[in-house]
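Colleague: Residue numbering for the sequence shown is 1 to 99, as defined by our numbering.
In short, the hints are calculated from the structure, not lab data.
Check the hints yourself; a few may be wrong.
Just the calculated beta-carbon pair ranges, DEER-fashion [as the list claims (entries may be wrong)]:
1. 63 x 22: 26 to 32 Å
2. 39 x 76: 14 to 20 Å
3. 68 x 31: 27 to 33 Å
4. 85 x 35: 16 to 22 Å
We put the CB at the ideal spot given by N, CA and C, even for glycine.
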Amino acid sequence: MAATLRDPSSAAFSAIVKARRTGYCGYVDARNRFGERTGNRVFYADPVRNVFFVIPSEQEVRGFLPDELDRVERLLPVTEANCLDRDRHPIMDGAPITR
């Protein structure tokens, strides 16, 4: 999963839980293309379907290319349905997954 980030070696994952339907949800903090840490951001991962998606910030979306926007439009609803509650906070009702 980390390999899909701009700086995979900087990825720090936390609060990983089973998603509502399939896969896993949690937080990832990694460096962006400017070398700055992004802070904890919600991610969704489904290793069976080979999907890893981090909810982008509005600023990031403004700089996306058309294929990146297509991916956001396709995966954001899936991530929201699996990982976010009504107030857009990550679900944390499952038991944390330990490594």
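Colleague: With reference to the structure, classify each hint as holding or not holding.
Modeller: Hints, verified against the model:
Between residue 63 and residue 22, the C-beta spacing of about 30 Å keeps the proposed range 26 to 32 Å intact. One distance hint, 14 to 20 Å for the beta-carbon pair residue 39 and residue 76, holds here, with the actual separation near 19 Å. For residue 68 paired with residue 31, a C-beta distance near 18 Å fails the hint of 27 to 33 Å. Checked against the hint of 16 to 22 Å, the pair residue 85 and residue 35 fails, with Cβ atoms roughly 32 Å apart.
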